[in-house]
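Engineer: Residues per chain, in single letters:
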Amino acid sequence: MNENEKLKKMIELKSDLISISAHQLRTSLSAMKWTFKMLIDKDVGDINPEQEGMLKKSLESSERMVKLVNEMISINHAEDISFKYNFDDIQIRALIEDVLLDFSEESYKKGVKLVFEKPKTKLSLVHIDDEKIRVVIQNLIENSIKYSEKGDKVFISNNQKDNFIEISVKDTGIGIPQNDQEKIFGKFFRASNAKKKEQVGSGLGLYTIKGIVEKHGGKIWFKSNNKGTTFYFTVPLSK
Amino acid sequence: MAKKILIIEDDTFLQGLASRKLGVEGYEVEVASDSKQAFNNLNKQIPDLILLDLLLPDVDGFEILKEIRENVKWKSVPIIVFSNLSEEGDITKAKALGVTEFMVKANFTLDELAEKIKLLLKK
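Chains as they are written, first to last, in numbering that gives the first Met the number 0: chain A, 0 to 238; chain B, 0 to 122.
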């Protein structure tokens, strides 16, 4: 076995280990979540207000853990597939519309409006691995929704420039503090105000998608102030 | 008359919780911990809905799903796969075999499950 094969084997092993632990964690967390909720709903008998308060905190806490495990699974999956790239010539607009559809329920629940600013002319095809670029768009939209408030709008656009297409996701959320801006794409890094707003997050999302965009020969960057953030990334046109 | 639900789940604690909650909601609940018990039960009476876990001690849930869908007696019974597996491949496979709903256990509480069952049985 050469070094490359050994490395591949190790990554597979790591990935399997994460899948197995995630499944076990989810099983234990299901037991806790279900129990807390049944006790709160008084399915098993009366409880006093103090007990109810404690159980509600426990339920919230187990739900945060579930979110974290789900995030771990999705990052593991993104890392897993990051070794196999299948490039194809596709229409980016269709992919964006598809991702937006996936988020329609979540954005509706949160009261955040997703606005796709479609280009006036038909754009050229791009040369990408659509499963990977889907992860990038999903991650940026998910962050925008997470850090927006009810009634806010998130704008998604795509524009052709020279030999690439630039995609942007603009929110009017909490912004990225000046001090944190340099580190935002770092592994495990989370901005100070993001931690305050959303207690759960691995700090791996932007790190992972930067790797994906760069593997396509594209760039990812952002502009941010306290009125919101716009993320941009580019993907190459097909030749 | 109370609607009948068959829960196929090998984790006895989770099985007990689901059975209790659905009982509180007014359903008549039967439980099975493996495929043998499941088919014994199905042969005795046809439930109105089946809740199916995927990782079971004897055969996996996909096999059970396939067998149910191939049998003319049971093929129209709604089946919710209720599992903590959530890989794209698992979901696609379950859909191809004719599952009605695919729910990840940890993402729901049992009252949300009961709500989903109520909707499916109304159809």
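Everything labelled a hint here was simulated from the structure, so no lab data went into it.
Treat the numbers as computed from the prediction; the structure is a model and nothing was measured.
Hints should not be assumed to be uniformly reliable.
Said to hold, decoys possible - For lysine-lysine, the following DSBU-like pairs were computed, each having C-alpha atoms within a straight-line distance of at most 35 Å:
{"#": "1", "chain 1": "A", "residue 1": "108", "chain 2": "B", "residue 2": "43"}
{"#": "2", "chain 1": "B", "residue 1": "3", "chain 2": "A", "residue 2": "55"}
{"#": "3", "chain 1": "B", "residue 1": "92", "chain 2": "A", "residue 2": "83"}
{"#": "4", "chain 1": "A", "residue 1": "214", "chain 2": "B", "residue 2": "94"}
{"#": "5", "chain 1": "B", "residue 1": "43", "chain 2": "A", "residue 2": "83"}
{"#": "6", "chain 1": "B", "residue 1": "2", "chain 2": "A", "residue 2": "55"}
{"#": "7", "chain 1": "B", "residue 1": "92", "chain 2": "A", "residue 2": "8"}
{"#": "8", "chain 1": "A", "residue 1": "55", "chain 2": "B", "residue 2": "115"}
{"#": "9", "chain 1": "B", "residue 1": "94", "chain 2": "A", "residue 2": "108"}
{"#": "10", "chain 1": "B", "residue 1": "3", "chain 2": "A", "residue 2": "66"}
{"#": "11", "chain 1": "A", "residue 1": "209", "chain 2": "B", "residue 2": "92"}
{"#": "12", "chain 1": "B", "residue 1": "115", "chain 2": "A", "residue 2": "108"}
{"#": "13", "chain 1": "B", "residue 1": "115", "chain 2": "A", "residue 2": "112"}
{"#": "14", "chain 1": "B", "residue 1": "65", "chain 2": "A", "residue 2": "109"}
{"#": "15", "chain 1": "B", "residue 1": "2", "chain 2": "A", "residue 2": "66"}
{"#": "16", "chain 1": "A", "residue 1": "209", "chain 2": "B", "residue 2": "65"}
{"#": "17", "chain 1": "B", "residue 1": "43", "chain 2": "B", "residue 2": "3"}
{"#": "18", "chain 1": "B", "residue 1": "121", "chain 2": "A", "residue 2": "108"}
{"#": "19", "chain 1": "A", "residue 1": "109", "chain 2": "B", "residue 2": "94"}
{"#": "20", "chain 1": "B", "residue 1": "121", "chain 2": "A", "residue 2": "112"}
{"#": "21", "chain 1": "A", "residue 1": "56", "chain 2": "B", "residue 2": "65"}
{"#": "22", "chain 1": "B", "residue 1": "43", "chain 2": "A", "residue 2": "8"}
{"#": "23", "chain 1": "A", "residue 1": "149", "chain 2": "B", "residue 2": "65"}
{"#": "24", "chain 1": "A", "residue 1": "56", "chain 2": "B", "residue 2": "117"}
{"#": "25", "chain 1": "A", "residue 1": "149", "chain 2": "B", "residue 2": "117"}
{"#": "26", "chain 1": "B", "residue 1": "117", "chain 2": "A", "residue 2": "108"}
Engineer: Now tell me, hint by hint, if it's right for this structure.
Structural biologist: Hints, one by one, checked against the model:
Distance check on the hinted pair: residue 108 of chain A and residue 43 of chain B sit about 43 Å apart at the alpha-carbon level, beyond 35 Å; violated. Straight-line distance between C-alpha atoms of residue 3 of chain B and residue 55 of chain A comes to about 31 Å, which keeps the hinted pair within the 35 Å bound. Under the criterion of a C-alpha separation no larger than 35 Å, the hint pairing residue 92 of chain B with residue 83 of chain A is consistent with the structure, at around 22 Å. For the hint pairing residue 214 of chain A with residue 94 of chain B, the CA-to-CA distance comes to about 33 Å; that is within 35 Å, so the pair holds.
With a C-alpha separation of about 49 Å, the suggested pairing of residue 43 of chain B with residue 83 of chain A is violated against the 35 Å cut-off. About 31 Å separates the Cα atoms of residue 2 of chain B and residue 55 of chain A, which keeps this hinted pair within 35 Å; it holds. Between the alpha carbons of residue 92 of chain B and residue 8 of chain A the distance comes to roughly 26 Å, so the proposed pair stays at or under 35 Å and holds. Distance check on the hinted pair: residue 55 of chain A and residue 115 of chain B sit about 23 Å apart at the alpha-carbon level, within 35 Å; holds.
Note on residue 94 of chain B and residue 108 of chain A: the hinted pairing holds, with a Cα-Cα distance of about 26 Å set against a maximum of 35 Å. Taking the CA atoms of residue 3 of chain B and residue 66 of chain A, the gap is near 33 Å; set against the 35 Å cutoff, the hint holds. Distance restraint check for residue 209 of chain A and residue 92 of chain B: the Cα-Cα separation of roughly 32 Å lies within the 35 Å cut-off, and the hinted pair is therefore satisfied. Proposed proximity of residue 115 of chain B and residue 108 of chain A is supported: the alpha carbons are some 18 Å apart, at most 35 Å.
Proposed proximity of residue 115 of chain B and residue 112 of chain A is supported: the alpha carbons are some 27 Å apart, at most 35 Å. A distance of roughly 38 Å separates the Cα atoms of residue 65 of chain B and residue 109 of chain A; the hinted pair therefore is violated under the 35 Å criterion. Of the pairs offered as hints, the one joining residue 2 of chain B and residue 66 of chain A holds, with about 33 Å between alpha carbons and a cut-off of 35 Å not exceeded. For a cut-off of 35 Å, the pair hint linking residue 209 of chain A to residue 65 of chain B is broken: about 42 Å separates their Cα positions.
In summary, the hint linking residue 43 of chain B to residue 3 of chain B is supported, as the alpha carbons are separated by about 12 Å, within the 35 Å threshold. Between residue 121 of chain B and residue 108 of chain A the alpha-carbon distance is near 24 Å, which keeps this suggested pair within the 35 Å criterion. Restraint check for residue 109 of chain A and residue 94 of chain B: the C-alpha separation of about 29 Å stays at or below 35 Å, so the hint holds. Between residue 121 of chain B and residue 112 of chain A the alpha-carbon distance is near 32 Å, which keeps this suggested pair within the 35 Å criterion.
For the hint linking residue 56 of chain A to residue 65 of chain B, the alpha-carbon distance of about 41 Å lies beyond 35 Å, and the restraint is violated. Our distance criterion of 35 Å between C-alpha atoms is broken by residue 43 of chain B and residue 8 of chain A, whose separation comes to about 48 Å. Of the pairs offered as hints, the one joining residue 149 of chain A and residue 65 of chain B is violated, with about 44 Å between alpha carbons and a cut-off of 35 Å exceeded. For a cut-off of 35 Å, the pair hint linking residue 56 of chain A to residue 117 of chain B stands: about 28 Å separates their Cα positions.
For the hint linking residue 149 of chain A to residue 117 of chain B, the alpha-carbon distance of about 30 Å falls within 35 Å, and the restraint holds. For the proposed pair residue 117 of chain B and residue 108 of chain A, the alpha carbon gap of about 22 Å is at most 35 Å, so the pair holds.
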